[in-house]
Amino acid sequence: MTDQVTFPDAVQWAVPFFIAAILAEFLWIAAKGRGGRYETRDAVTSLIMGAGNITSGLLLGFIAYAFFMWLWQVTPLNLGTSIPVIILCFVLDDLRYYWVHRFGHRIRWVWASHVNHHSSQHYNLTTALRQTWTYTFTFMMVVRAPLILLGFHPAMVLFVGGLNLIYQFWIHTEAIGKMPRWFEAVMNTPSHHRAHHGRNARYLDCNYAGVFIIWDKMFGTFVPEQEDDRVDFGLVHNIGTFNPLRVAFHEWVGIWRDATQPGLSLRQRMAYCFAPPGYSHDGSRDNSDQIKAKHIALHPEDRGTPGFERFQPEAPNSEAKQA
Amino acid sequence: MPLGILLVLVIGGIAGITLMMHLAGKSRITQLTPDSAKAAWLRHVPGDEVVDVTITNDGHTALIRTPAGNGLVWSFGADTVARHLLDFDRLDRAEGFEIRFHDFATPKVLIRLDDFERQHWQNLMEPV
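Listed in order, the protein sequences are those of chains A and F. Reminder that position 113 of the first sequence reads as 113 in our numbering, one-by-one numbering, no gaps. Reminder that position 80 of the second sequence reads as 80 in our numbering, one-by-one numbering, no gaps.
There may be inaccurate statements among the hints.
To be verified - Capping the alpha-carbon separation at 27 Å, the derived lysine-lysine pairs in DSSO-like fashion look like this:
| # | chain 1 | residue 1 | chain 2 | residue 2 |
| --- | --- | --- | --- | --- |
| 1 | F | 108 | F | 38 |
| 2 | F | 108 | A | 32 |
| 3 | A | 294 | A | 217 |
| 4 | F | 108 | F | 26 |
| 5 | F | 38 | A | 294 |
| 6 | F | 26 | F | 38 |
To be verified - Quick look at which bits of chain F chain A covers, simulated, 3 or more residues with Cβ under 8 Å:
| # | region |
| --- | --- |
| 7 | 58–70 |
| 8 | 88–98 |
| 9 | 104–115 |
| 10 | 120–126 |
Keep in mind the hints are simulated off the structure, nothing from the lab. What you are looking at is a predicted structure, and each value in this text was computed from that prediction instead of being measured. Ideal placement from N, C-alpha and C gives every residue a C-beta, glycine not left out.
With the hints as extra help, turn the sequences into a complete structure.
Written out as structure tokens, the structure reads:
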């Protein structure tokens, strides 16, 4: 099945908007004296990461596209390019994004690509552009396969994926507090995504949504931003470099060093590659579950609160029960 | 979008935003105080016990002593980074000590020390 369906590269066309919005946010913060922070080297690193992301797409995008076009040859289905189909594709692709993003936080191999997006201790519109250079090597393009096999043209799937990324640009800001309640209930917002970028124990592994926050609510990963637990942006172990090459590749180097240590079993080597970030064969590191458990040990009053639901408040002792 | 226009936008955008931020004073490096250095350490190692904090005269690096050993907190732009002093090399430099962490993501930090501080810091950083 072949045809000549074309869609614009939405992300490239959004570049002027990105630049204008960053200028506007910067000036707004400067004028108001609140609503976020900017730091020169942090922002420049983020912008270079964004430029590198576009470059890697130009250089390596053919690999994913060739895979998608092969799937398109295989599938007997073709849903066409009508507006309702594009909207349906957008919604289903957002579900795809949720799962890729969740894998990106729970599988170290994918985290190695995604970690750079979380490596800034700032949260402003430049952070949105701090994007991966190595996504191709995660092989997460396979998660898009069902969409194409269902009859959504690859060009359309990539187009709506671009729209998804553009939507996510504006939510990387502290300048916006909360949106109207109905909007917060359905859509991903600056508040929800701030929580996602938090390194606080409460906010680890939450709010993976791209556009619709409903996916997190459906799959049990939603944590609302708490007024009494201000989001601390960055990584659990913040990195000490602004060098874009180190930002882009540091976790891959970490995987290599960990998995090639002498004396490990094959299972341990595989776990360093694919287990949740924080795995160690000797217990010298903590994953997010262990970090949350340690937090609860220090702050038992947080039991049962958002982000700590699995740590239920301690039951009254047996005497109290009998009474 | 034509590649030439995209290149001009990206390079021009990065250069313009960088210049604007620098001129607006956003390149300043954060200054540590004993309290802020302690807070930065506890942000990195929640629940740890800080025994003592020693800050360089330039206010950009702090040595943190804990029951489990020493650590460093240093200014990282407007923020801070902290590391335990476990697996590292200390190199003498004209400006002070260069600490190499054997970590691709945090390769090194330069502790700027004047002549009066150097000996004191050397003593502090010696393994007990």
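Okay, the hints, checked on the actual structure:
Using a Cα cut-off of 27 Å, the hinted pair residue 108 (chain F) and residue 38 (chain F) holds, with the two alpha carbons roughly 21 Å apart. Between the alpha carbons of residue 108 (chain F) and residue 32 (chain A) the distance comes to roughly 37 Å, so the proposed pair goes past 27 Å and is violated. Distance hint between residue 294 (chain A) and residue 217 (chain A) is fulfilled; the C-alpha atoms sit about 25 Å from each other, no more than 27 Å. For the proposed pair residue 108 (chain F) and residue 26 (chain F), the alpha carbon gap of about 23 Å is at most 27 Å, so the pair holds.
Distance check on the hinted pair: residue 38 (chain F) and residue 294 (chain A) sit about 20 Å apart at the alpha-carbon level, within 27 Å; holds. Using a Cα cut-off of 27 Å, the hinted pair residue 26 (chain F) and residue 38 (chain F) holds, with the two alpha carbons roughly 24 Å apart. Requiring three or more residues with a Cβ within less than 8 Å of a Cβ of chain A, the coverage given for the region 58–70 of chain F is violated, as only 0 such residues are present. Residues of the region 88–98 of chain F with a Cβ under 8 Å from some Cβ of chain A number 0, which does not satisfy the need for three, so the listed coverage is violated.
Counting residues of the region 104–115 of chain F whose CB lies closer than 8 Å to any CB of chain A gives 5, so the stated coverage by that chain holds, three being the minimum. Evaluation of the coverage hint for the region 120–126 of chain F: breached, as 0 residues show C-beta separations to chain A shorter than 8 Å, against a requirement of three.
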